[in-house]
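A.B. asks: Here are the chains, one letter per residue:
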Amino acid sequence: MGDTQRPAKKTAKSRPKPASTNEPQFVQLLSPEGRRVKHPDYDLDLTQDEYRGLYRDLVITRELDAQGTALQRQGQLGLWPSLLGQEAAQVGSGRALRAQDTVFPAYRELGVQWCRGIDLISAFALFRGTDLGGRDTVADRFNMYAIVIASQTLHAAGYAMGVAMDGAVGTEDGEAVIVYHGDGATSEGDFNEALVWAGVFNSPLVFFCQNNQYAISESNARQFVLPPHRRAEGFGVPGIFVDGNDVLATYAVTRAALDRARRGEGPSLVEAYTYRMQPHTTSDDATRYRDEAELDFWRAKDPIVRYRKWLAAEGLADEAYFAQIDTEAGEQVRALRARVMALTDPEVSEMFDNVYAEMPASIAAQRADAVDFAASLEDGSDLR
Amino acid sequence: MTTMSMIKGLNEGLRRVLEDQPKSLVMGEDVGRLGGVFRVTDGLQKDFGADRIIDTPLAESGIIGTAIGLAMRGYRPICEIQFDGFVYPAFDQLVSQLAKIPNRSGGRIRLPVVVRIPFGGGIGAIEHHSESPEAYFAHTAGLKVVACSNPADAYWMIQQAAAGEDPVIFFEPKRRYHSKGEVDTENAGLDMYRARTVREGRTATLIAYGPTVDVAENAAKAAAEEGMDLEVIDLRSLSPIDWEPLFASVRKTGRAVIVHEAPGNVGIGAEVAARLTEECFYSLEAPVLRVTGYDVPYPASRLEDDYLPNLDRVLDAVDRSLEH
Numbered sequence: 001m002g003d004t005q006r007p008a009k010k011t012a013k014s015r016p017k018p019a020s021t022n023e024p025q026f027v028q029l030l031s032p033e034g035r036r037v038k039h040p041d042y043d044l045d046l047t048q049d050e051y052r053g054l055y056r057d058l059v060i061t062r063e064l065d066a067q068g069t070a071l072q073r074q075g076q077l078g079l080w081p082s083l084l085g086q087e088a089a090q091v092g093s094g095r096a097l098r099a100q101d102t103v104f105p106a107y108r109e110l111g112v113q114w115c116r117g118i119d120l121i122s123a124f125a126l127f128r129g130t131d132l133g134g135r136d137t138v139a140d141r142f143n144m145y146a147i148v149i150a151s152q153t154l155h156a157a158g159y160a161m162g163v164a165m166d167g168a169v170g171t172e173d174g175e176a177v178i179v180y181h182g183d184g185a186t187s188e189g190d191f192n193e194a195l196v197w198a199g200v201f202n203s204p205l206v207f208f209c210q211n212n213q214y215a216i217s218e219s220n221a222r223q224f225v226l227p228p229h230r231r232a233e234g235f236g237v238p239g240i241f242v243d244g245n246d247v248l249a250t251y252a253v254t255r256a257a258l259d260r261a262r263r264g265e266g267p268s269l270v271e272a273y274t275y276r277m278q279p280h281t282t283s284d285d286a287t288r289y290r291d292e293a294e295l296d297f298w299r300a301k302d303p304i305v306r307y308r309k310w311l312a313a314e315g316l317a318d319e320a321y322f323a324q325i326d327t328e329a330g331e332q333v334r335a336l337r338a339r340v341m342a343l344t345d346p347e348v349s350e351m352f353d354n355v356y357a358e359m360p361a362s363i364a365a366q367r368a369d370a371v372d373f374a375a376s377l378e379d380g381s382d383l384r
Numbered sequence: 001m002t003t004m005s006m007i008k009g010l011n012e013g014l015r016r017v018l019e020d021q022p023k024s025l026v027m028g029e030d031v032g033r034l035g036g037v038f039r040v041t042d043g044l045q046k047d048f049g050a051d052r053i054i055d056t057p058l059a060e061s062g063i064i065g066t067a068i069g070l071a072m073r074g075y076r077p078i079c080e081i082q083f084d085g086f087v088y089p090a091f092d093q094l095v096s097q098l099a100k101i102p103n104r105s106g107g108r109i110r111l112p113v114v115v116r117i118p119f120g121g122g123i124g125a126i127e128h129h130s131e132s133p134e135a136y137f138a139h140t141a142g143l144k145v146v147a148c149s150n151p152a153d154a155y156w157m158i159q160q161a162a163a164g165e166d167p168v169i170f171f172e173p174k175r176r177y178h179s180k181g182e183v184d185t186e187n188a189g190l191d192m193y194r195a196r197t198v199r200e201g202r203t204a205t206l207i208a209y210g211p212t213v214d215v216a217e218n219a220a221k222a223a224a225e226e227g228m229d230l231e232v233i234d235l236r237s238l239s240p241i242d243w244e245p246l247f248a249s250v251r252k253t254g255r256a257v258i259v260h261e262a263p264g265n266v267g268i269g270a271e272v273a274a275r276l277t278e279e280c281f282y283s284l285e286a287p288v289l290r291v292t293g294y295d296v297p298y299p300a301s302r303l304e305d306d307y308l309p310n311l312d313r314v315l316d317a318v319d320r321s322l323e324h
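Protein sequences appear in the order of chains A and B.
Numbering of the first sequence is given in full-length UniProt numbering, commencing with residue 1 and proceeding in unit increments.
Numbering of the second sequence is given in full-length UniProt numbering, commencing with residue 1 and proceeding in unit increments.
Treat the hints with care, as some may be off.
Stated by the list, open to error - Some chain B residues near chain A, calculated using beta-carbon distances under 10 Å:
id	residue
1	L25
2	I54
3	A59
4	A99
5	L190
6	Y193
7	S239
8	W243
What the hints contain is simulated information worked out from the structure, not anything from laboratory work.
In this text, a Cβ means the ideal position worked out from N, Cα and C, and glycines have one as well.
Construct the entire structure; sequences and hints are all you get.
C.D. replies: And the structure:
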């Protein structure tokens, strides 16, 4: 596996190409050149404000994510899993959600979290190591990041069962559940079990697979023979293949899948074909398994560049608007950065909290010992 | 007082949970139409419906993982893992998700999920049907682990487990499933996190749980005929352990023998022995001894009588303790 595979060759092998373009046969509404494309099944007709809002989301997400990488490089975070390149997949799907919908993220979903209007500090606290990423997930309808790959797919499947049992589906305004995962997750048993569950219980669940081509260093070739959207069909779950670098197509496809779920018509899987432009995390060295030519291939498909071109060409936004968004993104970054730097270490006693609903005597005794011991080191009384 | 088997005690206990708590669910393989392979859930689907007594796909990680999701939605699932040796496919969902999500969330999420596991040997079964995996779960912070040993405890402890806000791994000794006992269904039983002194004595303390409580009681009866007066304690809760009754007993008797079916290496008995040594060192007249399964895979069933702690091995350990 040491040799470098060229992406063109890889896609040609597993995905039939349409005659006229270089793209796999996925749903696309906006070409890499910024040209609006018609699709027989999917369309999107938003207001000017909504179209501009998507641009704002894309740019701010990219800038905040870049700040995550910078903070890690400066020693302020222990780790950062960058989403660079995946902004359209996250913003398109995130904006397709309705207020009543519930999200089960993996651990790279900063853009979805942004779209849901949830304070992003929790992601930074998690990777700074000041807490484990807890938030008010019930109020947010956005669960904690899941680090064990595909573990969250089962939680989402169970939650979606509960939504159906509550009678909260079956109308145009029903509840839907979406679970985010990657291409690597599709190899895990939990993912496959979740598809079985969602299928046989006909649950209101959308599997949103960001196929970013890599599970750390391993390409799609080591995860599946048939791509996820085709594998879903084997579980009786419709699979939809979409250009994950196209914010409009991702929005349209996800909205349709969510609407199907909320109407009580069952689960589906959206495979958003995209690319992780950064290493897996800041701890990874991607030069060991992919080359610059491959990155160039995907740079040409950048989700923000194409969207900006289209907005400008359609007269939906101008340079002044783009500049205004850049300014706002800078402000967001500065504000977040200051808050991250201000996150303080938790107290020693806090690790003993919330292990159980009520603290057992054995843990209370250990907490008292640990607190006393830490204090004795602090005041020097235990120095020998 | 009613006489019933442990299976009936569990069944009646579950029935009361389902009646009292509308959000409670029973889920697992074959728990619905069949009533479970041991019939613990017999008749429940008929009375409470297929939405509350859920026959699941055959996937243990899926059972626990979706129970977590249902609990996040406000339900209170009681899962059945069909046999002890089938729990391992669910290991990540149990130890990394069910156990840790409440802590990860800073206490904002509670997962009131009960996982029932028939455990232990002595029934002549094939491989993977006679194991005692309790130490894996007792080792995991965030899980509570209990084992019932008689019909009355089965009846009350399953209700207590289902009433709490923490995940509980609930071990049922399958070789005691058909044993009968008196059950007082009116007056709530002892808190499931409290150890119970089954028999008082002064010569030595036998500490057991689940299937070995009966073994220890029989050993104490036999020893009584030889003039020995053994105290027997049923741990009931394996995590957290109710330490004070153990310390008090060992300070009185000066001798302790722990009896469990699981292999001794890094088992519950090792923890009990360590803590007794730390807390009761000056009261001990002899080393704390263990009578356990051997540190080998559970053997073919024709050998299980030699593998399982029995009356003779327990009395031999008592003799060795008294030699000091």
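A.B. asks: So, for every hint listed, does it hold in this structure?
C.D. replies: Hint check results:
{"no.": "1", "hint": "L25", "in the structure": "holds (9 Å)"}
{"no.": "2", "hint": "I54", "in the structure": "holds (9 Å)"}
{"no.": "3", "hint": "A59", "in the structure": "holds (4 Å)"}
{"no.": "4", "hint": "A99", "in the structure": "holds (9 Å)"}
{"no.": "5", "hint": "L190", "in the structure": "violated (17 Å)"}
{"no.": "6", "hint": "Y193", "in the structure": "holds (8 Å)"}
{"no.": "7", "hint": "S239", "in the structure": "holds (9 Å)"}
{"no.": "8", "hint": "W243", "in the structure": "holds (7 Å)"}
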